[in-house]
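Visitor: The chain contents come next:
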Amino acid sequence: MASLITCPHCGVRPKEEFTIRGDASLVRPAPTASDEAWHDYVYVRANPRGRTLEHWQHVAGCRRFLVVERDTFTHEVHSVTDGAAFATENGR
Amino acid sequence: MIRDHYNRHALDEKLRGAPRPPGANHLAIGHRQAMAMVLATAGEEDAVERLLSSVTEFAVRFSAPGEWLVISENDTPEGLQRCLDALCSGRAHILDQSEARVLFRLSGPSTRRILAKGIGLDLHPIAFAAGASANALCGHIAVNLVRTGEDVFELLAPRSFAESLFDDLMTMGREYDLTAAFAA
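If you're matching them up, the sequences are chains A and B in order.
Numbered by the working numbering, the letters in the first sequence go through residues 1 to 92 in order.
Numbered by the working numbering, the letters in the second sequence go through residues 1 to 184 in order.
Please note that the accuracy of each hint is not assured.
Pairwise CB distance ranges, derived in the manner of DEER restraints [to be verified]:
1) B:Arg91 / A:Val42: 38 to 44 Å
2) B:Glu78 / A:Ser34: 54 to 60 Å
3) A:Val59 / B:Ala183: 28 to 34 Å
4) B:Leu39 / A:Ala37: 35 to 41 Å
5) A:Gly22 / B:Asp122: 25 to 31 Å
Incomplete in silico selection of chain B near chain A, CB under 7 Å [said to hold, decoys possible]:
6) Ala64
7) Pro65
8) Gly120
9) Ala134
10) Asn135
11) Leu137
12) Ala142
No lab work stands behind these hints: they were computed from the structure.
We put the beta carbon where it would ideally sit given N, CA and C, even for glycine.
Using the sequences and the hints given, assemble the complete structure.
Guide: Next up, the structure:
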């Protein structure tokens with residue numbers, strides 16, 4: 001796993017300071033969406049080999065939620081953005 | 001007198017007995033600082049940061065976006081609270097932390113080597129200059145780390161973790177003859 005994460009608020013930090021809080025690419029379905037859509041959103045997860053988008057929380061630092069794009073195969077970290085900035089950029 | 005949090009320091013038990021003379025590497029434990037946490041309300045982060053940096057009576061430590069720790073060596077907790085309330089005037093929430101955190105001041109030529117055993121941060125002056133501050137993990141304890149001088153660092157830890165952190169720091173510094181005492 002990627003061992004160094006560059007937090008946009010705190011700088012380069014070891015991964016021990018963070019907690020992974022799950023897939024960040026999922027989009028919450030509308031309240032009236034079908035049971036299948038909600039089941040997929042809540043329970044079904046991919047286990048990708050390659051680039052993934054995840055929520056990481058910097059629990060021992062600024063305690064912000066971050067969106068980390070990393071590669072599960074090469075352990076390379078492509079980008080780290082603040083969760084709030086990511087949400088506004090993607091119109092969520 | 002009832003022995004409670006207000007008249008008992010978290011490290012009284014650890015530092016009982018005659019103090020040893022401070023060595024080259026010394027850990028001073030803060031006594032009676034006033035501390036407060038300042039949390040800016042949404043949208044007022046920049047204004048609060050400007051206000052805090054305009055005052056020199058207290059030290060301001062970065063904790064998170066829109067969140068700072070303010071430490072005053074001279075003021076009382078109530079005085080600091082009043083001072084910050086007047087300064088921020090509704091732009092921020094002020095929370096007294098004077099009894100909630102313990103200040104560790106580590107000084108001496110080997111401080112960086114000592115801290116390197118517990119903190120995964122680059123502490124070279126280029127990466128972490130004097131005056132820089134950030135929350136970090138020391139061993140398993142989240143602390144606020146500040147560089148106040150070339151070889152002087154301050155760690156602010158929650159009071160309930162103070163004994164643990166004290167033991168960790170003394171173990172980390174044993175090789176460098178780290179001494180400890182309450183600050184004068």
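Visitor: Taking the least C-beta to C-beta distance, is Pro65 of chain B closer than 7 Å to chain A?
Guide: With a closest approach of 5 Å, the Pro65 of chain B hint holds.
Visitor: Any CB of chain A closer than 7 Å to the CB of Asn135 of chain B?
Guide: 5 Å, holds
Visitor: Return the status of the interface hint for Leu137 of chain B: holds when the least beta-carbon distance to chain A is below 7 Å, violated otherwise.
Guide: Hint holds; Leu137 of chain B Cβ to chain A Cβ min 4 Å, cut 7 Å.
Visitor: Confirm or reject the claim that Gly22 of chain A and Asp122 of chain B have a C-beta distance inside 25 to 31 Å.
Guide: Taking Cβ atoms as reference, Gly22 of chain A and Asp122 of chain B lie about 29 Å apart, which means the hint holds.
Visitor: Looking only at beta-carbon atoms, does the pair Arg91 of chain B, Val42 of chain A fall within the given range of 38 to 44 Å?
Guide: 39 Å, holds
Visitor: Does the Cβ-Cβ separation between Leu39 of chain B and Ala37 of chain A fall within 35 to 41 Å?
Guide: 38 Å, holds
Visitor: Hold the hint about Ala142 of chain B up to the distance rule: shortest CB distance to chain A must be less than 7 Å.
Guide: 4 Å, holds
Visitor: Taking the closest Cβ pair, is Ala134 of chain B under 7 Å from chain A?
Guide: 5 Å, holds
Visitor: Should the interface hint for Ala64 of chain B be scored as holding, given a Cβ-Cβ cut-off of 7 Å against chain A?
Guide: Holds - the Cβ of Ala64 of chain B comes within 7 Å of chain A, reaching about 4 Å at its closest.
Visitor: Could you check the hint for me, namely that Val59 of chain A and Ala183 of chain B are 28 to 34 Å apart, CB to CB?
Guide: Holds - the Cβ-Cβ distance for Val59 of chain A and Ala183 of chain B, about 30 Å, lies within 28 to 34 Å.
Visitor: With respect to the beta-carbon atoms only, verify the hint that Glu78 of chain B and Ser34 of chain A lie 54 to 60 Å apart.
Guide: The hinted range 54 to 60 Å holds for Glu78 of chain B and Ser34 of chain A, with Cβ atoms some 58 Å apart.
Visitor: Have a go at the Gly120 of chain B hint: is there a Cβ in chain A nearer than 7 Å to its own Cβ?
Guide: 4 Å, holds
Hint check: no violations occur; every hint is consistent with the structure.
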